[in-house]
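Taking the hints into account, I'd like the entire structure generated from these sequences.
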Amino acid sequence: MSGDGKGYLSIGAMFVATIILGLGLVWVNIERVDLAYELKTLERELQEKQDQNSKLQVERHYLLAPATLRARAEKAGLRPPGRDQIRILQD
Amino acid sequence: MTKTGSKPSKDRSRGKIIFAGFLFALALMGLWARAYFVQVVKGPEYAKMANRQYWASETVSGKRGEIFDRNGLLLAKSISTPSVYVRPNEIKDRWTVSQRLGAILGLNPKNIAAEMGPGKRFVWIARKISDAQAQAITAETLPGVYLETENSRQYPQGHMAGQLLGFVNMDGKGIEGLEKSFNDQLMPSSSKFTVQRDAAGKRLSSPESGDRSSFNGQDLRLTLDSQVQLATEEALARSVIRARGKSGMALVVEVPTGDILAWGHYPFFNPNAVKKIRGEWKNRVAVDIFEPGSTMKPIMVAAALQEKVCRPSTEYYCENGKWSVKGRRVKDTHKYENLTVSKIIRYSSNIGAAKIGLELGAAKLNRYLQELGFGRRLGLPLPGESAGLLNPVRQWKDVELANISFGQGLGVTMLQLAEAYLCIANEGVRLPLRLVHEPGKPVQGKRVFDPDVAAQVMAMLEEVVREDGTGTQARIEGVRVAGKTGTAQKASPTGGYGGEYVASFVAVFPADKPRYLVCMMVDEPQAGHYGGVLVAPEVRNVGVQLLTSSGMLAEPVEKMRMAKVSPERFSAPVQRQENISVDPQVMPDLQGATVRQALEILVARGIVPKVSGQGVVIEKQKPLPGEKWPADKKCQLWLTGQPG
Chain S
689 MSGDGKGYLS
699 IGAMFVATII
709 LGLGLVWVNI
719 ERVDLAYELK
729 TLERELQEKQ
739 DQNSKLQVER
749 HYLLAPATLR
759 ARAEKAGLRP
769 PGRDQIRILQ
779 D
Chain E
174 MTKTGSKPSK
184 DRSRGKIIFA
194 GFLFALALMG
204 LWARAYFVQV
214 VKGPEYAKMA
224 NRQYWASETV
234 SGKRGEIFDR
244 NGLLLAKSIS
254 TPSVYVRPNE
264 IKDRWTVSQR
274 LGAILGLNPK
284 NIAAEMGPGK
294 RFVWIARKIS
304 DAQAQAITAE
314 TLPGVYLETE
324 NSRQYPQGHM
334 AGQLLGFVNM
344 DGKGIEGLEK
354 SFNDQLMPSS
364 SKFTVQRDAA
374 GKRLSSPESG
384 DRSSFNGQDL
394 RLTLDSQVQL
404 ATEEALARSV
414 IRARGKSGMA
424 LVVEVPTGDI
434 LAWGHYPFFN
444 PNAVKKIRGE
454 WKNRVAVDIF
464 EPGSTMKPIM
474 VAAALQEKVC
484 RPSTEYYCEN
494 GKWSVKGRRV
504 KDTHKYENLT
514 VSKIIRYSSN
524 IGAAKIGLEL
534 GAAKLNRYLQ
544 ELGFGRRLGL
554 PLPGESAGLL
564 NPVRQWKDVE
574 LANISFGQGL
584 GVTMLQLAEA
594 YLCIANEGVR
604 LPLRLVHEPG
614 KPVQGKRVFD
624 PDVAAQVMAM
634 LEEVVREDGT
644 GTQARIEGVR
654 VAGKTGTAQK
664 ASPTGGYGGE
674 YVASFVAVFP
684 ADKPRYLVCM
694 MVDEPQAGHY
704 GGVLVAPEVR
714 NVGVQLLTSS
724 GMLAEPVEKM
734 RMAKVSPERF
744 SAPVQRQENI
754 SVDPQVMPDL
764 QGATVRQALE
774 ILVARGIVPK
784 VSGQGVVIEK
794 QKPLPGEKWP
804 ADKKCQLWLT
814 GQPG
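First to last, the protein sequences are chains S and E. The working numbering applies: residue 689 is where the first sequence begins, and numbers increase by one. The working numbering applies: residue 174 is where the second sequence begins, and numbers increase by one.
Be aware that one or more of the hints could be misleading.
Stated by the list, open to error - With a Cα cut of at most 27 Å, we get these calculated DSSO-like pairs of lysine-lysine: (1) K499(E) to K686(E); (2) K783(E) to K806(E); (3) K375(E) to K728(S); (4) K221(E) to K448(E); (5) K301(E) to K728(S); (6) K763(S) to K365(E); (7) K481(E) to K346(E); (8) K301(E) to K743(S); (9) K728(S) to K448(E); (10) K353(E) to K448(E); (11) K419(E) to K455(E); (12) K448(E) to K743(S); (13) K728(S) to K221(E); (14) K737(S) to K419(E); (15) K619(E) to K686(E); (16) K346(E) to K743(S); (17) K570(E) to K763(S); (18) K537(E) to K499(E); (19) K737(S) to K365(E); (20) K375(E) to K737(S); (21) K265(E) to K301(E); (22) K783(E) to K801(E); (23) K570(E) to K499(E); (24) K455(E) to K301(E); (25) K481(E) to K455(E); (26) K283(E) to K448(E); (27) K481(E) to K537(E); (28) K293(E) to K265(E); (29) K807(E) to K763(S); (30) K806(E) to K763(S); (31) K189(E) to K215(E); (32) K301(E) to K346(E); (33) K783(E) to K793(E); (34) K353(E) to K743(S); (35) K301(E) to K189(E); (36) K455(E) to K293(E); (37) K783(E) to K763(S); (38) K737(S) to K301(E).
The hints are simulated quantities; they were obtained by calculation from the structure and are not laboratory data.
Structure, rendered in structure tokens:
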């Protein structure tokens, strides 16, 4: 092949490579944006779950609060044991 | 035949091509010129505009730190809460929007409509609303109505230790109590990041923003024990209500460490619902000063014993209840003649205390008061802690010295009083009170009194409760209790002393091996004014609960039982009932069953039996087997060590 032919072939190859790389870049960019959307959605979901978890923790601690437990126990007919009603079991 | 003489047509195609080429070239040049203008001339400006459109600055912040008690029970936590706001200029029918919002939020629509006046661009309608309300507003899809998430501080224990915890403002900044003093530690940090956003303005995730939790404020763990706190607050409330007092406060301290286990006020204050006009969030334990009255006498006596001014058996003539110091009358509630120092404490004689104080001298008494922390802040991490009121010793004449000896003429905080008694209970070593739980941190004390002096004073305090002293209502059977009553007249705003009192009681449980110190005070009681009558019974109740929960109240009984049981008894075959049939209608036969078996059956029915006797096997029971389950849940079991 003559020198000119090789030159045209190289230019053609470079052109094709540029096109492929350009398309690749566009694809990567689209993927990045898609992933960023997905990540944002997941982050929002995580945040919502964490917020919900915080609220449930507060609710749990409210339900376990000594004052709440005492009120519920009294409602159920329980009362603090008298001195002669306590037995300490030792191992 | 064709016409040959006509003029040949002129070929203009070349010119047309050139013209078209020229037009294309012109258009291309125009494009190039435009491109040059956009890219080069206006390039930087457009680049900035694009950046503004596609990149946004986002602030990421964490949550305020949490507050726990010593056992990890949550006392304060921040959660995300929705708030609702409107943009009035986006609303066409304001009245309809106001009505719908009013129905959801429980607000008056007229007020909402008035808020959304013309010319306003942004109006908060309600802040920190419930999730259900937020959902209802979202479902309505009202124009110009928006929800915003804010952090709100929650106190799941309600009013428990409310004045101590304090509260935060709308922006999450602590403005009272521990929320204020530990604000820097609890406050979350924040950081700004650049994030990409799309054409619709939606923000994309950025790896720079990282983990949100890394911005959270630091947690705080207190020495408080919620169980002790509850018992103390309930006892204090009963005491103030029964005494018809204006207010009350109480403190429980673990003697070996100085850890504050309970910090109570009455009336209660719920930091979840702050009403600023009422001022009930005032942390009186640290801020209020009062004249301690007779609770000061043991401290003065400890100083006198330490200085060898007297001994517990030294007698003082108590002037039959009336005495005068430089024209100032000193009275006792009863007429006493000669009383030993022990009895001066036991009967709380003002005259006897004044005489000991005068013998001790102003300089020495002042020195001990200073060493115990009176007249200066103790340095607990609290806003507005008071230093108390202790006049310079040069101003102490005989009258002032006599007054201070029985607890009048000086102002103390409950913290200072507790720290002084802690010193006596701790064999004369002054320990700093602690509010922040730091288990590994060593406790460093300073000796103020010799151990034998502290022991002598503790013995006197025990007599106050055990013998015919003023604190007999604090007795607990089988437990040695040390205590001191306080009944101080309050200074009148117009000078002198008025008709109002401060009733108080300080106790140490158990006296032989001090574990808990309990201080309680009722301000301006109307149903009497003696600390031994109004406050001591509730201090006793706190003591019973403390000792019960720590297993110390049952301990002597158990020890006695264990000591009397010979090892052979355990090795003897006990005929256990392997299977006890439980009828839902009638009492089972528990005789011969072990205590554990019987308890499991009875407790499952909500019955806590009374147990008598010694041993591990049920000998007798009441109600008898086959009788109906007791409606009043009362059941008695008698034990034996022998097989049934």
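Open item on the list: Going through the numbered hints above, which ones does this structure break? Give me the numbers in ascending order.
Closed with: 1, 4, 6, 7, 9, 14, 17, 25, 31, 35, 36
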